[in-house]
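Trainee: The task is simple: from the sequences and hints, build the whole structure.
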Amino acid sequence: MAESVTIARPYAQAVFRLARDAGTLAAWSDHLQRLVAIAHDPEMAGVFDNPKLSATQLAELLMSLSGDSGNAELASFVGILAANERLVVLAEINEIFEQLRSADAGVRDAIVTSAFALDEAQLQALVSQLEAHFGGRLAPHVEVDPALIGGITVTVGDQVLDASVRGKLEAMATALKN
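Terminal number for the sequence shown in our numbering: 628, no gaps in between.
Hints should not be assumed to be uniformly reliable.
Derived Cβ-Cβ restraints for the label pairs, each shown as a range [said to hold, decoys possible]:
(1) A464 to E493: 37 to 47 angstroms
(2) D499 to H583: 42 to 52 angstroms
(3) G601 to L626: 47 to 57 angstroms
(4) Q483 to G600: 33 to 43 angstroms
(5) G586 to S519: 35 to 45 angstroms
(6) G586 to E453: 29 to 39 angstroms
(7) L626 to A555: 17 to 27 angstroms
(8) A553 to K627: 24 to 34 angstroms
(9) A477 to V615: 39 to 49 angstroms
(10) G585 to F498: 28 to 38 angstroms
Bear in mind the hints are in silico, worked out from the structure with no lab data behind them. Glycine included, every Cβ here is placed at the ideal spot set by N, Cα and C.
Mentor: Okay, here's the thing in structure tokens:
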């Protein structure tokens with residue numbers, strides 16, 4: 451995993467700079483998502499591993515399936531990935547690209563872990579409070595973990611806000627031991 455992210459990062463950064471400078475971030479996001487969907491098709495795994503297909507043939511196939519065969523920049527990008535045998539890291543490229551895009555827009559990811567499922571109104575109220583606390587726009591990703599007993603934990607970057615019952619019980623246990 452870490453190795454594939456390391457391989458994917460320079461490609462994602464290059465595409466991000468290209469898209470940002472051209473003002474086509476949304477279009478590139480769509481292109482990458484479409485390419486990832488094609489690459490994750492079970493039948494395509496066999497095609498990528500087929501030694502009879504050249505890098506050019508793989509790139510042309512991927513471009514024809516994407517419906518973007520007229521896009522020269524995208525064709526060049528896919529051709530480079532195919533020539534360097536990097537088509538297998540398309541998902542990581544897309545993930546890093548989206549992280550760069552969010553950071554550029556001033557939006558940070560927030561992992562909200564709750565003991566119970568949150569409805570949309572609760573989530574919106576929580577996000578507005580968290581944005582004030584963390585000082586910026588947040589894109590919430592909600593996970594449910596009944597082991598929290600009650601409350602939530604929020605992770606934004608390297609900051610963690612623990613407002614869970616389990617966290618408070620652990621803090622009390624530590625205080626009692628000291």
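Trainee: In this structure, is the beta-carbon distance linking A553 and K627 contained in 24 to 34 angstroms?
Mentor: For A553 and K627 the Cβ distance comes to about 40 angstroms; the hint is violated.
Trainee: Against the range 17 to 27 angstroms, how does the distance between the Cβ atoms of L626 and A555 compare: consistent or not?
Mentor: violated (45 angstroms)
Trainee: 42 to 52 angstroms was suggested as the range; check whether the CB atoms of D499 and H583 agree with it.
Mentor: For D499 and H583 the Cβ distance comes to about 48 angstroms; the hint holds.
Trainee: Between the beta carbons of A477 and V615, is the distance compatible with 39 to 49 angstroms?
Mentor: Holds, since A477 and V615 (Cβ atoms, about 46 angstroms apart) stay within the stated range.
Trainee: Using the beta carbons of Q483 and G600, state whether their distance is inside 33 to 43 angstroms or not.
Mentor: For Q483 and G600 the Cβ distance comes to about 37 angstroms; the hint holds.
Trainee: Tell me if the beta carbons of G601 and L626 are separated by a distance inside 47 to 57 angstroms.
Mentor: violated (20 angstroms)
Trainee: The hint says 35 to 45 angstroms between G586 and S519; measuring C-beta to C-beta, is that right?
Mentor: Given a distance of about 39 angstroms, which is inside 35 to 45 angstroms, the answer is holds.
Trainee: Given a hinted range of 28 to 38 angstroms, is it respected by the beta-carbon distance of G585 and F498?
Mentor: violated (43 angstroms)
Trainee: Do the beta carbons of G586 and E453 sit within 29 to 39 angstroms of each other?
Mentor: Hint holds: Cβ distance 31 angstroms, inside 29 to 39 angstroms.
Trainee: The hint says 37 to 47 angstroms between A464 and E493; measuring C-beta to C-beta, is that right?
Mentor: Because 29 angstroms falls outside the window, the suggested range is violated.
The structure fails hints 1, 3, 7, 8 and 10 (numbered hints given earlier, in ascending order).
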